[in-house]
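We have chain H; now place chain F onto it with these hints.
Each chain is listed here by its residues.
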Amino acid sequence: MLREIVVIVLIFGGAIFMALAGLGMLRMPDLFLRMSSSAKAGTLGAGLILLGAAIHFNDFGIYTRAFAIIVFLMLTAPVAAHMIGRAAHFDGVPLWKGTVQDDLKGHYRASTHALETNSIPDNDRPATDEDEIPDNSEFDR
Amino acid sequence: MSELIWNLILLILSAGLVFAFIRLARGPYLPDRVIALDLISILAMGFILVYAVRFNQPSFLDVAIILAIISFLGTVAFAYYIERRW
Numbered sequence: 001m002l003r004e005i006v007v008i009v010l011i012f013g014g015a016i017f018m019a020l021a022g023l024g025m026l027r028m029p030d031l032f033l034r035m036s037s038s039a040k041a042g043t044l045g046a047g048l049i050l051l052g053a054a055i056h057f058n059d060f061g062i063y064t065r066a067f068a069i070i071v072f073l074m075l076t077a078p079v080a081a082h083m084i085g086r087a088a089h090f091d092g093v094p095l096w097k098g099t100v101q102d103d104l105k106g107h108y109r110a111s112t113h114a115l116e117t118n119s120i121p122d123n124d125r126p127a128t129d130e131d132e133i134p135d136n137s138e139f140d141r
Numbered sequence: 001m002s003e004l005i006w007n008l009i010l011l012i013l014s015a016g017l018v019f020a021f022i023r024l025a026r027g028p029y030l031p032d033r034v035i036a037l038d039l040i041s042i043l044a045m046g047f048i049l050v051y052a053v054r055f056n057q058p059s060f061l062d063v064a065i066i067l068a069i070i071s072f073l074g075t076v077a078f079a080y081y082i083e084r085r086w
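The listed protein sequences correspond, in order, to chains H and F. Throughout the first sequence, residue numbering follows our numbering, covering 1 to 141 in sequence. Throughout the second sequence, residue numbering follows our numbering, covering 1 to 86 in sequence.
Just chain H, with the same shape it has in the complex:
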């Protein structure tokens, strides 16, 4: 009985975190804020649901599998978010108009796809194609 309550509380909390990740994905103003909400809240929600499932089945094999999935998610979610964020910044996705600081601006060399400490000359920077792609989303802010 007590275990059932613990399982339901864990899975309910995980479901709420996942729905909040979806809400952040819809309502956040730019790509990088959306990414922060989905990577963190989504991973936490999946981890809580997995923990609830493992406690429900209460079997050594299931505990091992659930632990393996949690570790895998916690290893891969930041890697995937970092790669997408780097590619999007390189691709010229505009930041939110309230952004205070953009430390990577002017440090990507377009010909080698690498970051450099010194400022890159203008003719080797990735194009900021804010004019080519119209921002026609009503959900932005």
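For the record, the hints were derived by calculation from the structure and aren't laboratory data. There are no misleading hints in this set.
Below are the SDA-like pairs computed for lysine to any residue, each with C-alpha atoms no more than 25 Å apart in a straight line:
(1) H:Lys-40 with F:Ile-66
(2) H:Lys-105 with H:Ser-36
(3) H:Lys-40 with F:Arg-26
(4) H:Lys-40 with F:Ile-70
(5) H:Lys-40 with F:Asp-62
(6) H:Lys-40 with H:Arg-65
Just the calculated beta-carbon pair ranges, DEER-fashion:
(7) H:Asp-124 with F:Trp-6: 55 to 63 Å
(8) F:Ala-44 with H:Leu-104: 28 to 36 Å
(9) F:Arg-54 with H:Lys-40: 24 to 32 Å
(10) H:Leu-95 with F:Glu-3: 42 to 50 Å
(11) H:Val-79 with F:Val-63: 21 to 29 Å
Here's a subset of chain H near chain F, in silico, CB distances under 8 Å, partners left out:
(12) Val-7
(13) Met-18
(14) Ala-21
(15) Arg-65
(16) Ala-66
(17) Asp-91
Owing to the predicted nature of the structure, the values given are computational and were not obtained by experimental measurement. Virtual Cβ for every residue (Gly too), placed ideally from N, Cα, C.
Then chain F, alone, in the frame of chain H:
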């Protein structure tokens, strides 16, 4: 009572799925759609786990492992494509 709570959990999860799907359809840039797809696959993993607990089928956990691996590989492939496409 327990039935009601399970239905409520599935309802909350599907609300998150609808939000992520709206972002997948409307997102102004390609990376927006990619992260929406990533979140959708994690939400599908949550659905599968909730069904595994509700109907007492532990073998559904293997599906969750495969889904996590495939969604990671898909996101990495999309990241390579976005960075190198021009």
